[in-house]
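For the sequence shown, counting from 1, position 82 maps to 87 in the numbering used here; every step adds exactly one.
Quick caveat, the hints were computed from the structure, so don't treat them as lab data.
Since the model is a prediction, treat every value here as computed from it, not as a measurement.
All C-beta atoms, glycine included, are put in the ideal place defined by N, C-alpha and C.
Mixed in with the good hints there might be a few duds.
[Stated by the list, open to error] Cβ-Cβ distance ranges computed for the label pairs, FRET-style:
| hint | residue 1 | residue 2 | range |
| --- | --- | --- | --- |
| 1 | D61 | E21 | 17 to 25 Å |
| 2 | S24 | R137 | 20 to 28 Å |
| 3 | R142 | S236 | 22 to 30 Å |
| 4 | P109 | P62 | 20 to 28 Å |
| 5 | S24 | S236 | 39 to 47 Å |
| 6 | A197 | L235 | 16 to 24 Å |
| 7 | R232 | D73 | 17 to 25 Å |
| 8 | S33 | S92 | 13 to 21 Å |
| 9 | V227 | S155 | 16 to 24 Å |
[To be verified] Result set (EDC-like, lysine to aspartate or glutamate): computed pairs, CA atoms no more than 16 Å apart in a straight line:
| hint | residue 1 | residue 2 |
| --- | --- | --- |
| 10 | K20 | D55 |
| 11 | K20 | D48 |
| 12 | K72 | D48 |
| 13 | K20 | D98 |
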Amino acid sequence: MPDSILIVIPTYNEKENLSTLVSQLRQSVPEAHLLIVDDGSPDGTGTMADGFAARDPQVHVLHRTTKDGLGRAYVAGFSWGLSHGYSRLVQMDADLSHSPADVPRLLAADADLVIGSRYVTGGGTVNWGLSRRILSRGGCLYARTILGLSLQDLTGGFKCWRRPALEAVNLPEIRSNGYSFQIEMTWRALQAGFRATEVPIVFTDRVDGVSKMSKRIVFEAVGMVWRLRLSRPTTRQS
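Go ahead and model the full structure; you've got the sequences and the hints to work with.
Now the structure itself:
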């Protein structure tokens with residue numbers, strides 16, 4: 006499967022957004038396959054995903070019976086993609102916060118890990134209140150400072166991985182979720198000697214559905230950054 010692309014999309018109660026997302030992705034990147042990783046959504050998201058898969062051979066569904074966090078869903082999706090031979094794997098949210106129209110720009114960038122960045126020139130956020138902007142910016146600055154990294158957006162979840170970089174992070178060892186999952190994955194890739202770059206994206210806050218953000222996710226990230234720093238104090242930066 007040379008230069009094959011898989012877009013991994015974790016879902017939990019995203020029925021309002023999934024149809025639009027799938028339709029836009031199939032238009033923006035018709036060559037890509039989609040993997041919807043559903044954590045037993047009670048609103049019928051998984052059943053809707055099965056319907057897409059039945060009609061389109063480039064749509065796949067991975068059902069998980071336990072809702073145990075975004076990180077676990079991504080690990081399951083990435084593992085599925087690697088086992089099926091895909092050469093590049095894109096991760097993105099299901100709530101339309103990440104624009105399907107931006108996926109080709111991530112794929113076109115020349116790096117082992119391409120990060121869709123809100124905090125480089127041309128990037129930004131839409132429909133965020135002041136407190137969330139402060140939390141996100143502050144979290145990125147906190148992680149960058151402690152880990153000694155030059156990347157601007159360490160907590161974003163819109164990324165494109167080349168297969169060797171994703172294999173190198175050792176997915177079975179990943180235990181973090183939420184913000185800390187994004188930080189840990191990037192840190193591990195850099196530690197393994199792979200090159201990361203950022204391309205600007207505009208993050209639009211969800212219109213339909215309920216945000217999965219919680220204080221637990223934030224506190225987990227605070228502690229995880231120090232565990233990463235103390236475990237391996239040197240990094241290779243992009």
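Here is what the structure says about each hint:
Judged by the Cβ atoms, the range 17 to 25 Å given for D61 and E21 holds: they are separated by roughly 20 Å. The hinted window of 20 to 28 Å between S24 and R137 holds, with their beta carbons roughly 27 Å apart. Distance hint check: the CB atoms of R142 and S236 are about 26 Å apart, consistent with the given range 22 to 30 Å. In this structure, P109 and P62 meet the distance hint of 20 to 28 Å, their C-beta atoms being roughly 21 Å apart.
A beta carbon spacing of about 42 Å between S24 and S236 agrees with the range 39 to 47 Å that was offered as a hint. Between A197 and L235 the beta carbons are some 18 Å apart, a value that agrees with the proposed interval 16 to 24 Å. For R232 paired with D73, a C-beta distance near 20 Å keeps the hint of 17 to 25 Å intact. For the pair S33 and S92, the beta carbons lie near 19 Å from each other, so the given range of 13 to 21 Å is met.
Remark: the range hint 16 to 24 Å for V227 to S155 is upheld by a beta-carbon distance near 21 Å. At most 16 Å may separate the alpha-carbon atoms for a hinted pair to count; K20 and D55 meet this at roughly 12 Å. Annotation: proposed proximity of K20 to D48 holds, straight-line Cα distance about 7 Å (limit 16 Å). The hinted pair formed by K72 and D48 meets the criterion: a straight-line CA distance of about 14 Å does not exceed 16 Å.
Note on K20 and D98: the hinted pairing holds, with a Cα-Cα distance of about 13 Å set against a maximum of 16 Å.
The structure shown violates none of the earlier numbered hints.
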